[in-house]
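J.: Quick note on numbering: the sequence shown equals residues 1 to 112 in the UniProt record's numbering.
None of these hints come from the bench; they were simulated from the model.
Treat the hints loosely; a few may be bogus.
Taking lysine-lysine and the PhoX-like style, the derived pairs with C-alpha atoms no more than 25 Å apart in a straight line are [what the hints assert, rightly or not]:
no.: 1; residue 1: 34; residue 2: 47
no.: 2; residue 1: 30; residue 2: 47
no.: 3; residue 1: 47; residue 2: 11
no.: 4; residue 1: 64; residue 2: 30
no.: 5; residue 1: 30; residue 2: 11
These numbers come from a predicted model, not from an experiment.
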Amino acid sequence: MADISFDDFLKVDIRVGTVLRAEEYPEARKPAIKLWVDFGGEIGERKTSAQITAHYQPEALVGKQVLAVVNFPPRQIGKFMSEVLVLGLPDAAGQIVLIGPDGSVPNGGRMH
1 MADISFDDFL KVDIRVGTVL RAEEYPEARK PAIKLWVDFG GEIGERKTSA
51 QITAHYQPEA LVGKQVLAVV NFPPRQIGKF MSEVLVLGLP DAAGQIVLIG
101 PDGSVPNGGR MH
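Between the sequences and the hints, there should be enough to build the whole structure, so can you do that?
T.: And the structure:
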């Protein structure tokens, strides 16, 4: 990968939000879950879909805090418009594990 400047990094707006609602997304090509995430007053609620079914059930995600890139343009994922990109890391089998804070923090906080 090419090096980037600190100014390039600052252009990526990564915020914390709390999952308000989660549903299976059976129409997706690969198994996915639809998420509605509250990023607080400035950003509000945004939706996304994520291929996280190996480790998560929709009902267990409600109330979970996650990190997401909030300044990408919306992207059509099948019949669903994704407005943010939730962040995660692959486990040993390549399945995504979501990234979030260790403790409760206010929604909308920007990652430093």
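J.: All the hints need checking, so say for each whether the structure fits it.
T.: Checked hints:
{"no.": "1", "hint": "34 to 47", "result": "holds, 7 Å"}
{"no.": "2", "hint": "30 to 47", "result": "holds, 18 Å"}
{"no.": "3", "hint": "47 to 11", "result": "holds, 21 Å"}
{"no.": "4", "hint": "64 to 30", "result": "holds, 23 Å"}
{"no.": "5", "hint": "30 to 11", "result": "violated, 30 Å"}
Hint 5 alone, counting from the list given before, is not met by this structure.
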